[in-house]
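Q: Please model the entire structure based on the sequences and the hints provided.
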Amino acid sequence: MMNSAAGPAVHADGLTVVRGGRTVVDGLSFEVPRSTVTGLLGPSGCGKTTLMRAIAGTQAKVTGTLDVLGHPAGAAPLRSRVGYVTQAASVYTDLTTRQNLEYFASVLGLPRAERRGQVERALADVDLTSHADALAGNLSGGQLSRVSLAVALLGSPELLVLDEPTVGLDPVLRRDLWGLFHRLAAERGTTLLVSSHVMDEADRCERLLLMRAGRLLADGTPDALRARTRTRSIEEAFLRLVDTARDGDGEGDKGGKNEKTDTEETR
Amino acid sequence: MSATRTLATARRVLRQLAHDPRTIALLLLVPVLLTVLLYYVYADDRELFDRIGASLLGIFPMITMFLVTSIATLRERTSGTLERLLSMPLGKADLILGYALAFGLLAVAQAALATGVTIWFLDLDFAGSPWLLLLIALLDALLGTALGLFVSAFAATEFQAVQFMPALILPQLLLCGLLTPRDTMQPVLEAVSNVLPLSYAVDGMNEVLRNSGVTGDLVRDIAIVAGSALLVLLLGAATLRRRTP
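Heads up: the protein sequence lines correspond to chains A and B, in order. Anchor point for the first sequence: position 179 equals 179 in the UniProt record's numbering, and the numbering is continuous, going up by one each time. Anchor point for the second sequence: position 227 equals 227 in the UniProt record's numbering, and the numbering is continuous, going up by one each time.
All clues given are correct.
Each pair of labels, with its calculated beta carbon distance range: (1) A/Pro72 <-> B/Ile119: 51 to 61 Å; (2) A/Gly117 <-> B/Ser129: 46 to 56 Å; (3) A/Pro111 <-> B/Ala127: 50 to 60 Å.
Keep in mind that the hints were calculated from the coordinates and are not lab data. Beta carbons are placed, not taken as given, at the ideal position from N, Cα and C, and that holds for glycine.
A: Dropping the structure here:
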C-alpha cells in the first residue's frame with residue numbers, strides 16, 4: 001500500500017484496445033495524478049467509455065501498459081479500491097435505494113459494523129437520504145444515476161471512474177455533483193476520472209485528457225491548454241487541436257479547411 | 001468464495017421478489033391449480049392421475065425456476081449490474097450459489113404447497129415419504145435454475161430467453177416418460193431420454209410413488225439429477241466473464 005501510494009493513480013503507456021476488430025483506443029500514454037479531479041473529454045464514440053472500462057478492469061483485449069494504484073488494471077486487489085459508474089445506472093430497479101446500497105456494501109466486504117454508517121454516508125453524499133426507502137424504479141433518471149454513484153462511493157474507493165455522471169442533469173444538480181467530486185478529492189484523497197462530452201464542464205476539472213477517435217489530443221490543466229492553443233474556451237482549444245492533428249497527418253483536405261474556417265469565424 | 005457474499009446475494013434476490021408479490025403468487029399457485037385441473041381431467045382414471053400427478057410434481061419446479069432464473073440473470077446482464085458485481089470482489093460461485101439458494105428456497109415453498117395439496121386434498125396414492133418428493137422437487141428446481149442461468153448467456157433479449165423454454169424443456173418433457181413409459185419408446189428415443197436429466201427426476205418421483213423405502217434406483221435417480229444440476233451450474237459459471245469485449 002505504502003509503495004503503491006507513491007505513484008500516480010493511473011499510468012498508461014501504449015494502451016490499445018481492440019473491439020470487434022476495430023482499434024477503439026489507439027496507443028494512449030498518460031498519467032492521472034492522485035487526489036485530483038481529471039476530466040476525460042471528447043465527442044461521443046471517441047473511446048472514452050472503452051478507456052474507462054479498461055481502467056475499471058472490465059474491458060477485454062487491452063494491450064500495452066495500464067497500471068491502476070500500482071497494480072495491473074483489473075487485478076483482484078483493485079476490486080474493492082476502484083469504484084466504476086457506467087453511463088446507464090447499474091442498480092436493481094426492483095429494490096429500494098437503501099436495499100441496493102446494503103447489498104453492494106456486503107459484496108464489497110465491508111465489515112457488518114461499518115455497513116450502516118457507510119450506506120448513510122453514501123446516501124448523504126448524493127443527497128438521497130430522503131429517498132432512501134423509495135423503490136429505485138420509481139425514481140427519476142437523475143436520482144437513479146445518483147443511486148448508481150452512491151454505490152460507487154461505498155467503502156471509500158481510492159479511485160473513482162465516472163462515465164458521464166452529470167449528463168442530462170439540471171444545472172443545480174450538476175454544480176452540486178462537481179462540488180462533491182472536489183470534496184472527495186480534497187477531504188478523502190480520492191482520485192476521480194470523470195468523462196463528459198460537454199466541453200463546458202472542462203473548467204470544473206483540475207486536469208484534462210482530450211480524446212478524439214481513440215487518440216489523446218492533449219493532456220494538461222485547462223489554463224495550460226488554452227494558453228498553448230491561444231484560445232479562450234476548451235471547445236475552441238479542442239477544435240484547434242483537431243485541425244493541428246489533421247494538418248500534421250497531411251490530411252489538409254477540403255473538409256478540414258472548411259472546419260478551420262468555421263473555427264476562425266466563431267472566434 | 002464467501003458465505004457472507006453468497007447469503008447477501010440470496011437475500012437480495014429474495015428482496016427483489018418480495019417487491020413483486022404477483023410473481024410469487026403465480027409461482028406458488030399455478031402448480032397447485034394445474035394439479036387440481038389434472039385431477040378433474042382424469043376423474044375416472046385414478047391410477048393415471050397418480051402417475052401423471054407424481055411426474056408433474058417433478059416437472060413444475062424445473063419449468064418455473066428455469067423461466068424465473070433465465071429472465072432474472074438476463075436482466076442482470078443487460079442492466080449492467082452483472083458487470084458491476086464482477087468488477088467488485090464477488091466470486092462467480094457467490095453469485096451462482098446465491099441465486100441457487102434463493103430460488104431453491106422458493107422451490108421448496110412451491111413444491112411443499114403442491115405436494116401437500118396433491119397428497120391431502122387430491123388423495124394422490126403414493127407409498128414413499130413426502131420428504132423424498134420434496135427433495136426431488138428441490139433438486140429439480142436447482143436443475144431448472146442452473147439451466148436458466150446457463151442459457152441466459154446465449155439470449156440477447158427476453159424474447160430469446162423465453163423461447164429457450166420450449167427449445168430445452170419441451171423435448172425433455174416429451175421424452176421423460178410422462179406421455180409414454182420410457183421403456184416402450186422407440187430405441188433411439190429411449191436412448192435420448194436416457195441422457196436427459198428430467199427423465200430421472202420423473203423416474204425418481206415414480207419410485208417414491210411405488211415404493212415405501214429408499215430403493216437403489218431412487219438413489220441413482222437423485223444422484224443423476226443432483227449431478228446434472230451441479231454440472232450445469234458449473235457451465236453457467238463459465239459463462240460469467242469479468243472482462244467482456
